[in-house]
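Student: Chain by chain, the residues:
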Amino acid sequence: MNAVTSVAPAKFDVNEIRKDFPILSRLVHNKPLVFLDSAASAQKPRAVIDAMSFAFENEYANVHRGAYYLSETATTNYEAAREKVRTFINASSVNEIVFTKGATDAINLVAASYGRLALKPGDEIMLTALEHHSNIVPWQLIRDQTGAEIKVVPINADGSVSVDAFARTIGPKTKIVAVAHVSNVLGTILPIEAIVEMAHKVGAKVLVDGCQGIVHEKVDVQALGCDFYAFSGHKLYGPNGIGVLWARAELLDAMPPYQGGGEMISTVTFKQSTWAEAPAKFEAGTPPIVPALGLGAAIDYLNRIDRVGAIAHEHDLLHYAMQQLPTVPGLKLVGTAQNKASVQSFTMDGAHPHDLATVLDRSGVAVRAGHHCAQPLMEALGVTATARASFGIYNTRAEVDALVAALHKARAVLL
Amino acid sequence: MTAPDDVKNDDLKSLYQEIILDHGRNPRNARIVEHHTCNVKGNNPLCGDRITVTARLSAGQVIEDIAAEGKGCAISIASASLMTEALKGVSTETAQKLFVAVQKLCKGEVDVAAAQAMVPSALSEQIEKLASLSGVKQFPVRVKCATLPWHAMMSCLAGRNDATTEGVSEGN
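Chains A and B supply the protein sequences, listed in that same order. 1 is the number of the first residue of the first sequence in our numbering; add one for each residue after it. 1 is the number of the first residue of the second sequence in our numbering; add one for each residue after it.
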């Protein structure tokens, strides 16, 4: 009777999933919302919204401080969320999970702390041409402080990054390799294991920007073999204001604090202070407590559904979109690598992406338009901007059809 | 070409009027002014749009020639094109007045008649054409598209060499 029974999740059914996301039933401009911008920020399931409301209404206090019931409860819940993250990415220890404001904060932490520790003048930081600004600018800041240099691995015309190109760029001076797991613009899935193998051969550490990767792939940081993995909660159906840096314990132990404040200390005197152990060492100040619980709830939610089915569903949407979008005259797909997640950029002859997005919006269709915080990539692709449709677990083939129909209408308005 | 019924949306029609689409597709004065006396790269960091405005001013601060070229959406390119048509032969002082009038039109703060009252009467016809930009007032995020070339122009006339829409509040 007490035996633990593990119940296999019900087979993935997008119509059931959609019921879990309250916002999907609203209208925009009197049209059903067709939300195709999850790569910027995903919508939230009821489970996340409720968990956060419950915490605020019933179990809120500051963490790691008070010797009273609510503070203990909040601390227990906050640390339980850390354990949920650990399991979700298969980290070997909960002490390797640092809560941050988001992925940008996590990458800045590594650049400022590990970068300062590891980089000398002439050392090299290796990036790819498809990185998000948040995986470029923090490295430029530490480059300028340390005298290191940045090397950029070019991409192929289809948006893929070949292992050969990495091999040509990496060398004995390479100390840090910072790459996206999945491109936020092109959807390209990068060959992380192969990159890690090459980097480790020359003694470089690998940071993976997992903002999109954590959403579209089952991530096992130990299997990936990287040294740092950063992601945000809000693209993973959780709230914003919370992110995660996973790093190997020995690296976190060696790294100096990134910010000073409460929570991260062991003892403080005006002469000298000593630091707490990781992860507390990197969590100065009151952390985003309820957002962390919201992220935990998002992970619980993803664990409850048929995740393998969900990922297969996203791939089906991507392939359907890659088939259907080119039927619109003048439309060109941007990013057609073999190994892709459900993010698809495109352009239309004679129509700027911003004008497209404005017209699509009036049909209830939300897409992103612009440079997607990847201006160097736009330059490499020879465009100033693209439109981007990104598909989450709750999108449907009917919504791809709605996008295509809206694009036809946009042509009628704009051309 | 007639749009299907469900996109006969008045807001969209007023945003993408024929004159805007025409100037967006075939911008006038999309070039660099020869022997220009000022040169500004206008930049909207939110979308990556870039417009270079060049002008040649006479000793008496009259705009002898002005041009704008770059990459951008239909709204920003059309706005740049209409702007260059309106400003040729105009004094820098009048250009400043026109800038304020266009800003107010784009924000929906004035109608055509009120905008005309803000500038010398010789520019009344230009205001009528520029009023085609006022469709953006229903699309707050697009106001900056319409005003980008104008900010670049103002920087250009002031002798600066860059302009950005970032940090500039266009209101709603």
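In case anyone wonders, no lab produced these hints; they're calculated from the structure. You may find that some hints are simply not true.
[Said to hold, decoys possible] Label pairs and their calculated CB-CB ranges:
no., chain 1, residue 1, chain 2, residue 2, range
1, A, Ala40, B, Pro120, 52 to 58 Å
2, B, Val100, A, Glu149, 43 to 49 Å
3, A, Arg168, B, Lys97, 54 to 60 Å
4, B, Ala158, A, Arg168, 57 to 63 Å
5, B, Pro140, A, Glu83, 55 to 61 Å
6, B, Gly89, A, Gln375, 57 to 63 Å
7, A, Thr286, B, Lys97, 28 to 34 Å
8, B, Asn39, A, Asp220, 41 to 47 Å
9, A, Val308, B, Arg160, 54 to 60 Å
10, A, Gly382, B, Met118, 53 to 59 Å
11, B, Asn39, A, Glu57, 36 to 42 Å
12, B, Thr37, A, Ala167, 49 to 55 Å
13, A, Pro121, B, Pro140, 45 to 51 Å
A virtual CB, placed ideally from N, CA and C, is assigned to each residue, including glycine.
Student: For each hint, tell me whether it holds in the structure or not.
Tutor: Hints and how they fare:
1. A:Ala40 / B:Pro120: 52 to 58 Å: violated, 46 Å
2. B:Val100 / A:Glu149: 43 to 49 Å: holds, 47 Å
3. A:Arg168 / B:Lys97: 54 to 60 Å: Given about 58 Å between the Cβ atoms, the range holds.
4. B:Ala158 / A:Arg168: 57 to 63 Å: The hint (57 to 63 Å, Cβ to Cβ) is violated, given that B:Ala158 and A:Arg168 are roughly 47 Å apart.
5. B:Pro140 / A:Glu83: 55 to 61 Å: violated, 43 Å
6. B:Gly89 / A:Gln375: 57 to 63 Å: For A:Gln375 against B:Gly89, whose Cβ atoms are near 37 Å apart, the range 57 to 63 Å is violated.
7. A:Thr286 / B:Lys97: 28 to 34 Å: violated, 52 Å
8. B:Asn39 / A:Asp220: 41 to 47 Å: Since B:Asn39 and A:Asp220 have Cβ atoms about 54 Å apart, the given range 41 to 47 Å is violated.
9. A:Val308 / B:Arg160: 54 to 60 Å: Cβ of A:Val308 to Cβ of B:Arg160: about 57 Å, so the range 54 to 60 Å holds.
10. A:Gly382 / B:Met118: 53 to 59 Å: Roughly 42 Å apart at Cβ, these two residues miss the hinted range, so it is violated.
11. B:Asn39 / A:Glu57: 36 to 42 Å: Check failed, 59 Å falls outside 36 to 42 Å.
12. B:Thr37 / A:Ala167: 49 to 55 Å: holds, 52 Å
13. A:Pro121 / B:Pro140: 45 to 51 Å: holds, 48 Å
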